[in-house]
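Q: Here is what each chain is made of, one letter per residue.
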Amino acid sequence: MTADTDGAAPAYANRLTRRESLKLLAALAASAMLPALPACASTSTQDAAAAGADEGHWPELDLQPVTGNGYGKDPDLMSPPEAPWPLTLAPAQLSLLALLSDIIVPAEGQSPSASAVQVPTVIDEWVSAPYPDQQRDRLTVLSALAWLDDEAALRFSQPFSALGAQQQLAIIEDVAYDKGQTPRRFQRMAGAFARLRNMVLAAYFCTPEGMEDIGYMGNVAIAGDYPGPTPEAYGHLETVLAELGLSGFAYRVA
Amino acid sequence: MNDAAYDVLVVGSGAGGAMAAYELTRQGHKVLMLEAGRHYDARTETPMFRRNADAPLMGASTPDKDFGFYDSTVNGGWQVPDEPYTTAEGTEFLWWRSRMLGGRTNHWGRYSLRFSEHDFKGKSRDGLGADWPFEYDEIAPWYDRTEALIGVCGTNTGLDDMPPSSEGVLQPPPVPRIPELLIAAAAKKHGIEAVPMHRAVLTRPLDDRAPCFYATPCGYGCSIGAAFQTTTSLLPMAQATGHLRIITDAMVRSVTTDADGQVTGVAYIDKTTGSEKQLDAKVVVLAASACESARILLNSKSARHPQGLANSSGQVGRNLMDSTGAGLSALVPALMNRPRYNEDGHTANHLFIPWWGHKAQAEGKLDFPRGYHFELGGRFAEPGAYVGGDLQGYGPALKQQARAHYGAYVSFALRGEMLPNEHCYMDIDPSVTDKWGIPVPRFHWRWSEHELKQVAHGLETAKAILETMGATVGELPAAEDAIKKGGEIIHEVGTTRMGDSPGDSVTNQWGQTWDCPNLFVMDGGVFASNPHKNCTLTIMTLAMRNSAWLAGQLKAGAL
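Line by line, the protein sequences are chains A and B. With numbering that gives the first Met the number 0 applied, the first sequence covers 0 to 253. With numbering that gives the first Met the number 0 applied, the second sequence covers 0 to 558.
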């Protein structure tokens, strides 16, 4: 997806003055993001733009709401609509989303990466849906994408996708954990990242490849009685019942 | 047959209406059924085996499909297009409807628990609410017949909350899954039994219905007829007699009466044309759902019935009850990274926890009067639009966390009995009408201390069991915050309650209105109380029993 150039780009952020970083952010908002999504205007908050400020920066996107119809109250369940509503992510946003999706779920052993099973397309459909929950997620996801480019510009003077893998991961490391010790300036992005991470995982595990990865074995017709747990599963239960001191209370399966 | 040839006009094709049609046609009576929704064929419209990935938004709930894309509900949910309802200022109430043949039986949970002698005589025991106008022993044979007809899997547990079915009535239940077995052991340590849930899901063939093949959530509907719904059972069976005619897209506005105040038929809107039509019948049976039937009665005012039809008691719309609902779930470390196998089962809980506190209540050891049960959740469910777990990081380590958490959460869904109270009722909104100009219901709601104390007890109990399983639960929410909204459990009943006296009830024990002998109610509206057990089995059982009585009256020429 991006050239793997370890440590190639110099850390420009350290050399930037506050004024210059503000200007850079404004330019990014105006040039990089806006053409990609005409309906969206970004004005980074003032403190925000100040690199190193406690609050951090945040792209205050002014999104036009997605209007239009949903799939209605009597959709065809046998043949779900292939394209229930127009997709709204611009090519650059989709590419960045794909890059991020593959950082969250890379290829691993037999399991493909997120983008290889069209996770970004599922998320595009999600954030383009005319329903309240999805509209909230749209703001979250688009803000997260814009934040990544803003942060990349502040630190490395380039859009996120132009960074080397180590630089990208340096940013992701700062926002991918939210255990109470996240610095304030990363907390808002950490929340947005968590939501996006959950969407990527959900879209991934819904695919046949993802179901195999997580170990979902249902949705197959069984002839005769439901077979229930395997001997291995019963064995595991016996172990945990013993560990919890519950063996004497075990339910007797006929 | 022309319309005038029908003996009985049944409004509604759900649990009550379809059972009434089944029993009446079986006994040779001509029935005309009106359904406000569209025709629906579960055999061709049910999305069996469809994956979440094939649905928009991974099948997630939306305002268009409140229970997810594949839920069978047609043109319904918490809101029906062009058919609003209102709530009084400062109160909240949710009203689930569907506009389809078979009504809500197409998607219900299929939980089928008998009410017990305790349940029918609560007032005699604690002085609250109302007793039912018959004894458990009188209805027990009808429970047997209904269970055998619809097909219920489960066992006779011998517990005082679960009266036994006759030998050979129940079909064998599916074996429990691992999380249920762990919960059962932890509960047992607290002296609480988990036992097989009773569900209207076939595990053996019945008539032309196939047994469950343990795939596809029952809420989608069931094309093979394993999960009971009227569209694959009672309705086709009644039609096979040649005595049933069904008109869909027929929205009843009112029950019509003559100058003497006697019922003559109904007025309805043909939704396909928007025109109003009139049908005459010897007998009218309302089974449109508790609140819809009460709405029809309250909208059927005349000089002889100035408060609405069958409402000389003033009780139509009163005594509105739902089940209490609350939930508690937690990650159980002992279930993390456990061996995989197919845990779909019949897609709902195989084990549940029935109410265990009758004795404690009798001894005055509990600070609330009525019981509840727990429906148990937690399994390797089909992945959907949201992934559980306190997930951190990214990459292979993240995916490993997700795998570890999969199937490691368990949940307790409390469903409890509420008592009727003067603040919970429906009337007709004085200014709002639906698309056809029919005045709409207005709901009033307030939980009492009884329900809040019950929910608090349930949360504490669930927490204790979870902690025994090694889960960390944390601080419990206040009962006021944890309790679901009125109507949210979709067990609304009581708005045309039955009783022993025309002074404080709307119908007698046969669902026959005190005011009009040829007008019956056969939905959940007739419930005198709302035991914690889900209402549908008892709606059907009463409809069968009372239709049999009605058939006897017709044969005797009494109506």
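Note that these hints are calculated values from the structure, not bench results. One or more of the hints may lead you astray.
To be verified - Here's a subset of chain B near chain A, in silico, CB distances under 10 angstroms, partners left out:
no.	residue
1	M236
2	A239
3	S328
4	L330
5	N336
6	A347
7	Q391
8	T471
9	V472
10	L475
Stated by the list, open to error - Under 10 angstroms between C-beta atoms, here's a sample of chain B residues computed to sit facing chain A:
no.	residue
11	R37
12	V73
13	G75
14	R176
15	F212
16	Q360
17	R402
As the list claims (entries may be wrong) - As a list, the in silico SDA-like pairs of lysine to any residue whose alpha-carbon atoms are at most 20 angstroms apart:
no.	chain 1	residue 1	chain 2	residue 2
18	B	K120	B	G363
19	B	K434	B	D248
20	A	K72	B	W141
21	B	K188	A	S246
22	B	K188	A	F248
23	B	K452	B	P438
24	B	K187	A	G247
Just so we're clear, the structure is a prediction, and the values are computed from it rather than from any experiment. Glycine included, every Cβ here is placed at the ideal spot set by N, Cα and C.
Q: Hint by hint, note whether the structure agrees.
A: Status of the hints after comparison with the structure:
1. M236: violated, 25 angstroms
2. A239: Constraint on A239/B not satisfied, violated at 26 angstroms.
3. S328: Since the shortest Cβ distance to chain A is 17 angstroms, the answer is violated.
4. L330: violated, 14 angstroms
5. N336: holds, 9 angstroms
6. A347: violated, 12 angstroms
7. Q391: Where the cut-off is 10 angstroms and the nearest Cβ of chain A is about 5 angstroms from Q391/B, the hint holds.
8. T471: violated, 14 angstroms
9. V472: violated, 15 angstroms
10. L475: Violated, because the Cβ-Cβ distance from L475/B to chain A comes to roughly 22 angstroms (cut-off 10 angstroms).
11. R37: At 8 angstroms from the nearest chain A Cβ, R37/B passes the 10 angstroms test, so the hint holds.
12. V73: holds, 5 angstroms
13. G75: G75/B check passes; min Cβ-Cβ to chain A is 7 angstroms, inside 10 angstroms.
14. R176: Since chain A brings a Cβ to about 6 angstroms from R176/B, closer than 10 angstroms, the hint holds.
15. F212: holds, 4 angstroms
16. Q360: It is violated, given that the least Cβ distance between Q360/B and chain A is near 24 angstroms, above 10 angstroms.
17. R402: Holds: closest Cβ of chain A sits about 6 angstroms from R402/B, inside 10 angstroms.
18. K120/B / G363/B: Distance of about 17 angstroms is within 20 angstroms: holds.
19. K434/B / D248/B: Given pair K434/B, D248/B holds - Cα atoms ~14 angstroms apart, limit 20 angstroms.
20. K72/A / W141/B: violated, 37 angstroms
21. K188/B / S246/A: holds, 10 angstroms
22. K188/B / F248/A: Holds: K188/B and F248/A sit about 6 angstroms apart, inside 20 angstroms.
23. K452/B / P438/B: violated, 36 angstroms
24. K187/B / G247/A: Cα-Cα ~9 angstroms, so holds.
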